[in-house]
Amino acid sequence: MIVDDEPYIVRSIKTVLESEGYSVVGAESGEECLRKLKKEPVDLVLMDFFMPEMDGRMVIEKIRENPGLKSVKVAVFTSAAFGESGMEVLKVLGVLDYITKPIDISEFISKIEKILKNNEK
Amino acid sequence: MTQNIEKIKESLNTKKIIGLVIPDAEYDEILIEVAKTLGKNYNKILYISVNRPCESLKSKFKENGTDTDKFYIVDCITRTGKDAPPTKNCFYISSPKALDEIQTAALNFLMRNEIDVALIDSPSSLLIYYEHTEVLQFLHRLMSMLIIAECGGVFPFPKESNESLRRSVEMFTNKIIYL
Chain F
37 MIVDDEPYIV RSIKTVLESE GYSVVGAESG EECLRKLKKE PVDLVLMDFF
87 MPEMDGRMVI EKIRENPGLK SVKVAVFTSA AFGESGMEVL KVLGVLDYIT
137 KPIDISEFIS KIEKILKNNE K
Chain Y
300 MTQNIEKIKE SLNTKKIIGL VIPDAEYDEI LIEVAKTLGK NYNKILYISV
350 NRPCESLKSK FKENGTDTDK FYIVDCITRT GKDAPPTKNC FYISSPKALD
400 EIQTAALNFL MRNEIDVALI DSPSSLLIYY EHTEVLQFLH RLMSMLIIAE
450 CGGVFPFPKE SNESLRRSVE MFTNKIIYL
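Those protein sequence lines, which keep their order, are chains F and Y. Per the numbering used here, numbering of the first sequence is gapless, rising by one per residue and ending at 157. Per the numbering used here, numbering of the second sequence is gapless, rising by one per residue and ending at 478.
If we strip away everything but chain F, and leave its shape as in the complex, we get:
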């Protein structure tokens, strides 16, 4: 699942990942992400950090609070550079990686592959 409040980013990433054979669900807000996760299990949530209403941290915390979503892996997808405190928080929240925007498509795809391979272990 790709979560970003910019619809064109959701569409673009969806297109890139679908062309690689992944099945991708899009969400344009934290609320939509949580709603969709309840209905449709996913392996990985790729989460933007700066979103209105609920930012990435709030959404990840909600995911982690839900025992039914325990197996969902989360990576942060953001233009933000996290500080040391932020990296600690991401670690505590079990965030596997963070991918910075703008993306290099081939690096992005190999990062996603790597995250999902770790997921299978």
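Warning: the hint list may mix true and false statements.
With a Cα cut of at most 20 Å, we get these calculated SDA-like pairs of lysine to any residue [said to hold, decoys possible]:
no.: 1; chain 1: Y; residue 1: Lys474; chain 2: F; residue 2: Val125
no.: 2; chain 1: F; residue 1: Lys127; chain 2: Y; residue 2: Lys474
no.: 3; chain 1: Y; residue 1: Lys396; chain 2: Y; residue 2: Met410
no.: 4; chain 1: Y; residue 1: Lys458; chain 2: F; residue 2: Gly130
no.: 5; chain 1: Y; residue 1: Lys339; chain 2: Y; residue 2: Thr379
no.: 6; chain 1: F; residue 1: Lys137; chain 2: Y; residue 2: Ser310
no.: 7; chain 1: F; residue 1: Lys137; chain 2: Y; residue 2: Arg440
no.: 8; chain 1: F; residue 1: Lys98; chain 2: F; residue 2: Gly130
Calculated from the structure, these hints are not laboratory results.
Based on these hints, arrange chain Y on the given structure of chain F.
What follows is chain Y alone, placed relative to chain F:
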């Protein structure tokens, strides 16, 4: 308090971006004390004041024995109520709503004055004018500017109120100090 001030000094010596979490009741008092500490330890301090006029800030500093000449102040509030005469080392912003103006004024001070450390007082107040994400993005841009300028940054937050902004900003700091 002395121990906490030492923690702040130690963190800022490495030009880090730190978040300060201050009990609401002591917020103003502690912030003046923090400014005094910055004044003692640095030569050039950028002070972005969202809701305290430069004039009253300077008189508080003087009462407290803080060297006001070391401070470069971005005053976001005075001009909302009256015309402000040009003041040494102070730049008046038209309103706290003018995030672009605040950013430009901060950038000008950073570029022209080799600022050692910047303090923004009080970022949570921006939530009166903007929603959470806009304030967060603004603060992130400000932090990025400070990092590029190799300048330390102090981002104070009241402990009991607006917790969500503080928790989001925490993601971009090097250290959080609870006072």
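Comparing the hints with the structure gives:
1. A threshold of 20 Å between alpha carbons decides the hint, and for Lys474/Y with Val125/F the separation of about 11 Å falls inside it, so the pair holds.
2. Only pairs whose Cα atoms come within 20 Å are accepted, and Lys127/F paired with Lys474/Y is accepted, the gap being roughly 15 Å.
3. Proposed proximity of Lys396/Y and Met410/Y is contradicted: the alpha carbons are some 23 Å apart, above 20 Å.
4. For the given pair, Lys458/Y sits about 26 Å from Gly130/F by alpha-carbon distance, which is inconsistent with the 20 Å threshold.
5. Taking the CA atoms of Lys339/Y and Thr379/Y, the gap is about 31 Å. The hint is violated against a cut of 20 Å.
6. The straight-line distance between the Cα atoms of Lys137/F and Ser310/Y is roughly 29 Å, outside the 20 Å bound, and the hint therefore fails.
7. Straight-line distance between C-alpha atoms of Lys137/F and Arg440/Y comes to about 15 Å, which keeps the hinted pair within the 20 Å bound.
8. Distance hint between Lys98/F and Gly130/F is fulfilled; the C-alpha atoms sit about 13 Å from each other, no more than 20 Å.
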